[in-house]
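For the record, the sequence lines run as chains A and B. The first sequence: position 250 = 250 (this note's numbering), numbered continuously. This note's numbering runs 541 ahead of the 1-based position in the second sequence.
Just so you know, these hints were derived from the structure itself, not from any lab. Predicted model only: the values in this text are computed from it and were never measured. The beta-carbon is built from N, C-alpha and C at its ideal position, and this holds for glycine as well. You may find that some hints are simply not true.
[Claimed, not checked] With a cut-off of at most 20 Å between alpha-carbon atoms, the simulated SDA-like pairs for lysine to any residue come out as follows:
hint	chain 1	residue 1	chain 2	residue 2
1	B	K602	B	R591
2	B	K733	A	E358
3	B	K799	A	K231
4	A	K307	A	K442
5	B	K733	A	Y364
6	A	K442	A	S456
7	B	K748	A	E331
8	B	K621	B	E894
9	B	K799	A	S154
10	B	K935	A	S97
11	B	K667	B	K802
12	A	K313	B	K621
13	A	K375	B	A905
14	A	K500	A	E314
15	B	K755	A	K233
16	B	K863	B	L874
17	B	K769	A	E342
18	B	K875	B	D906
19	A	K315	B	K863
20	A	K231	A	S154
21	B	K769	A	K231
22	B	K755	A	A332
23	A	K356	B	R591
24	A	K500	A	R484
25	B	K731	A	F357
26	B	K755	A	D339
27	B	K633	B	T571
28	A	K207	A	S114
29	A	K233	A	K286
30	B	K667	B	L739
31	A	K289	A	S417
32	A	K356	B	G738
33	B	K849	B	R860
34	A	K315	A	D502
35	B	K731	A	S456
36	A	K315	B	A563
37	A	K353	B	K935
[Said to hold, decoys possible] Partial pick of chain A residues on the chain B-facing surface, computed with a CB cut under 7 Å:
hint	residue
38	D318
39	L354
40	Q367
Chain by chain, the residues run as shown.
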Amino acid sequence: MMGLEAFLGFASIRARKERESLARSDAAASDCRTAIPSSLPSDVDPLLFPIPRGGDSPPPSSSSVLEPPSYADVVFSPFESSNGASDQGPFLRLDASPRSARAVASDYRRIAVSDPQTEVEASNSLVPGGTTYVTYLITTRVRPGSDDAGPEFSVRRRFRDVVTLADRLSEAYRGFFIPPRPDKNLVDSQIMQKHEFVEHRRLALEKYLRRLAEHPVIGKSDELRVFLQEKGKLPLPTTTDVASRMMDGAVRLPKQLFGEWAAAQVASQDIVQPAKGGRDLLRIFKELKQAVVNDWSGVKPSVVEDKEFLERKEKMQDLEWQLTPASQQAEALIRSQQDVGEIMGGLGLTFIKLIKFETEESVYRSQRIRVADTKNVATAAVKASRLYQELNAHTVKHLDTLHEYLGLMVAVRSAFSDRTSTLLTVQTLMSDLTTLNTRVEKLEAASSKIFGGDRSRLRKVDELRETIRVTEDAKSCAIREYDRIKKNNRNELDRLDREKHDDFLSMLKGFVINQVGYSEKIASVWATVAEETSRYARDNN
Amino acid sequence: MISPETSPPRSSSQSPRSPPAAPFLYISVTDPVKLGNGVQAYISYRVITRTNLPEFQGPEKIVIRRYSDFVWLHDRLAEKYKGIFIPPLPEKSAVEKFRFSTEFIEMRRQALDIFINRIASHPELKQSEDLRTFLQEDEETMERARSQETGIFKKPADLIQIFKDVQTKVSDVVLGKEKPVEETDPEYEKLKHYIFGLEDHLAETQKQAFRLVKRHRELGQSLSDFGKAMKLLGACEGNSLGKVFSELGAKSELLSIKLQKEAHNLLMNFEEPLKDYVRAVQSIKVTFADRANAFRQHCELAETTKLKEINLDKLNLMRSDKVREAEMEYRELKAESEQATRRFETIVRLMNEEIVRFQEQKTADMGLAFHQFAKGQAKLANDIADAWRSVLPKIEACSVSSHHG
């Protein structure tokens, strides 16, 4: 059974190979001007690597362009899970990768970002003449549960909306590894409008939204749903800028400092959020103090990080440390491969020009022989060049996994810092409680010495007890939050380990298979020429 | 029957009944050794001649020669054998001389070896006495000969001729810039046009080939760096996936070495032949200049002779007593003119033969270069495929274990 599949694979591959070599040699012979890298069909995700779509290169009958790398993967297919892909190119089989398996599991069948439009900012801003911004059309098809197409939504969003979404998610999903959003670009609007930049951003947005959708928890979030489906203005609270937060905080600080404890306490539900710059100045000071105490005093706080987590955290740091050079070297490798391919093509073209010249001036028989030989080499060089460039396009796709995980490390760090800051809050509150309880004890002790009680002191004690109650509440909230984040961290780490293993393995496999396949093809191109010119070697001996 | 004078070549059988060996002349340039210090450092080569030709002193002779000796030989041949495309020398290199990289030395040695063997296989050039001097004389004689370069021209007329030659070579007379006396042979025009165009195309091709060599080296470097990074990442991952990374990294480093090798092969066996082709074309341009000079001389002398003839007739009619003197002058001039004409015609004849030989030789040379290029690329690609393919079993092992795990 496997044998038959393999045989079919062989046959179809051979047929495609012949078609391709015919097409290519025609193209090379007739067209000396454009040995431009071949085009890839549009459903191949071009990602960050700009592939110039060649003009009059391989003819449209180019399933040859998607041509399966080689016999290599047909040979190895017994180990592959039977995807029933007998005549689907192994390239497509590779696409049945762990990533696409996750995509299938998400609520959203398909997210696409398209149609960038420039709109004018209808604002009363200080800047005279409207500034412009770009909006993108985001179409989503929801997966209802069956394979049939679910309802489709389309909304228009601008980049600011994406920032809002990202911020709300990072608040709501603390402890999760939230896929990082595309960078803001703080350049002037002139550059922002440029086509390349817009295109780059469009792709980045698409990727970002798809990653969000793939996340088992965030993919089901309301924030994402609202972003993708609600028409009109994005109904999420926008990020407050630092200035207004500072003003807010400045208003509250006096109350906090002058001892109106109860009023000044942060409401318990707010304790769940990290102390934001500006708003919770007092809290920030306290937590900072706690951090210093943790580090410098000999006293260990009663609640600390567990060892297992610290080990895993260290492993993550290690990984990030190694991913950076790996990602860079991958990029350098791709660039080098690209260079070789380009020069090979250039060499072929130069030979073709030489051939043209010699043919015009051809006088001697030996000249004609030489022209024929040169033609073989030129054609081979152009073919090899195209193969290199195709190989590269696939290599980019695979090695991009390294870049992605490097980006994910940022999310990991952020999730860990959520945990750390929550722990710090817990520790701070516990210190607070200790302090408060001590004060109560002291006051009660002092008051008991006075006959009939000390009115003012007892009143103070009541106030303190009230504060303690509020603080205990806050502490419970904080501990709950801390536990929640710990759980999220653990789940995410497990998920990351699993997915990383699969993704890395898939990356390596894809990379290797592509290299093998294309190298074999390139080898056969040159072997033909070597054979055709072998008589010169014999003569020389 | 073996004649007692011919000694059989070393490599053939020693049987007394074998027929007299075909004449052969094998030369090899080997063993580059750096001599001297600092600015005066130079490379010396061993030139080994194996032959059964009677003109040579015995079956084998080894001499030590340096680059300027080769230059001497080249210039002598260029002087004596006008019309023949003298095989080109590798470039004088004032700068690289100081660095003397291994690669440079090897490239030069190869080029000199090809140079001397081309001379030895050219039907006319191989008979040159200068060649024999070069191949056989001891180093002192060679040095004397080299320094006597300027002393071989005795007649001032020759000196003036050199002057003119230099002038014309420099001022690009061959392209016919405002020079009155020029050949008008359409076929020759075509040839000139061909050679000039060919030089441009070949130069471009050679540049691309050189860039290709560089890119191979860069790719090799990238693979090495990539391999190291993968190994480190593997150490971080651990267990079976880590092993895959390590294996990948190791193969990557292995391929890096293979790429450097192929870069070297490309340089020696593809880029160098292209460079050699360019040099050969440039040598042809020198012959063009020689031909143009010879043509000009032939025309000028022919004209001068005619004038002298007219003058002579006049004097004869006038029965002047200057007749005898004039007649002698005329006869001298006529002889010179005929000589110039013969020189020119020799050059034309030789060139026609040389062009055919040139085309054939270049087809063979390029054919071989193409073969080496293709073979090298095919081997490289196969090595790459093999190296990566060997990682697959580990990958499969890893995915099987993860499915079961």
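Status of the hints after comparison with the structure:
no.: 1; hint: B/K602 to B/R591; result: 7 Å, holds
no.: 2; hint: B/K733 to A/E358; result: 13 Å, holds
no.: 3; hint: B/K799 to A/K231; result: 59 Å, violated
no.: 4; hint: A/K307 to A/K442; result: 37 Å, violated
no.: 5; hint: B/K733 to A/Y364; result: 15 Å, holds
no.: 6; hint: A/K442 to A/S456; result: 14 Å, holds
no.: 7; hint: B/K748 to A/E331; result: 27 Å, violated
no.: 8; hint: B/K621 to B/E894; result: 17 Å, holds
no.: 9; hint: B/K799 to A/S154; result: 53 Å, violated
no.: 10; hint: B/K935 to A/S97; result: 18 Å, holds
no.: 11; hint: B/K667 to B/K802; result: 36 Å, violated
no.: 12; hint: A/K313 to B/K621; result: 83 Å, violated
no.: 13; hint: A/K375 to B/A905; result: 15 Å, holds
no.: 14; hint: A/K500 to A/E314; result: 16 Å, holds
no.: 15; hint: B/K755 to A/K233; result: 56 Å, violated
no.: 16; hint: B/K863 to B/L874; result: 16 Å, holds
no.: 17; hint: B/K769 to A/E342; result: 26 Å, violated
no.: 18; hint: B/K875 to B/D906; result: 45 Å, violated
no.: 19; hint: A/K315 to B/K863; result: 113 Å, violated
no.: 20; hint: A/K231 to A/S154; result: 8 Å, holds
no.: 21; hint: B/K769 to A/K231; result: 50 Å, violated
no.: 22; hint: B/K755 to A/A332; result: 15 Å, holds
no.: 23; hint: A/K356 to B/R591; result: 43 Å, violated
no.: 24; hint: A/K500 to A/R484; result: 24 Å, violated
no.: 25; hint: B/K731 to A/F357; result: 13 Å, holds
no.: 26; hint: B/K755 to A/D339; result: 10 Å, holds
no.: 27; hint: B/K633 to B/T571; result: 19 Å, holds
no.: 28; hint: A/K207 to A/S114; result: 12 Å, holds
no.: 29; hint: A/K233 to A/K286; result: 39 Å, violated
no.: 30; hint: B/K667 to B/L739; result: 28 Å, violated
no.: 31; hint: A/K289 to A/S417; result: 17 Å, holds
no.: 32; hint: A/K356 to B/G738; result: 11 Å, holds
no.: 33; hint: B/K849 to B/R860; result: 16 Å, holds
no.: 34; hint: A/K315 to A/D502; result: 18 Å, holds
no.: 35; hint: B/K731 to A/S456; result: 120 Å, violated
no.: 36; hint: A/K315 to B/A563; result: 77 Å, violated
no.: 37; hint: A/K353 to B/K935; result: 47 Å, violated
no.: 38; hint: D318; result: 5 Å, holds
no.: 39; hint: L354; result: 4 Å, holds
no.: 40; hint: Q367; result: 5 Å, holds
Comparing the model with each numbered hint stated earlier shows that hints 3, 4, 7, 9, 11, 12, 15, 17, 18, 19, 21, 23, 24, 29, 30, 35, 36, 37 do not hold.
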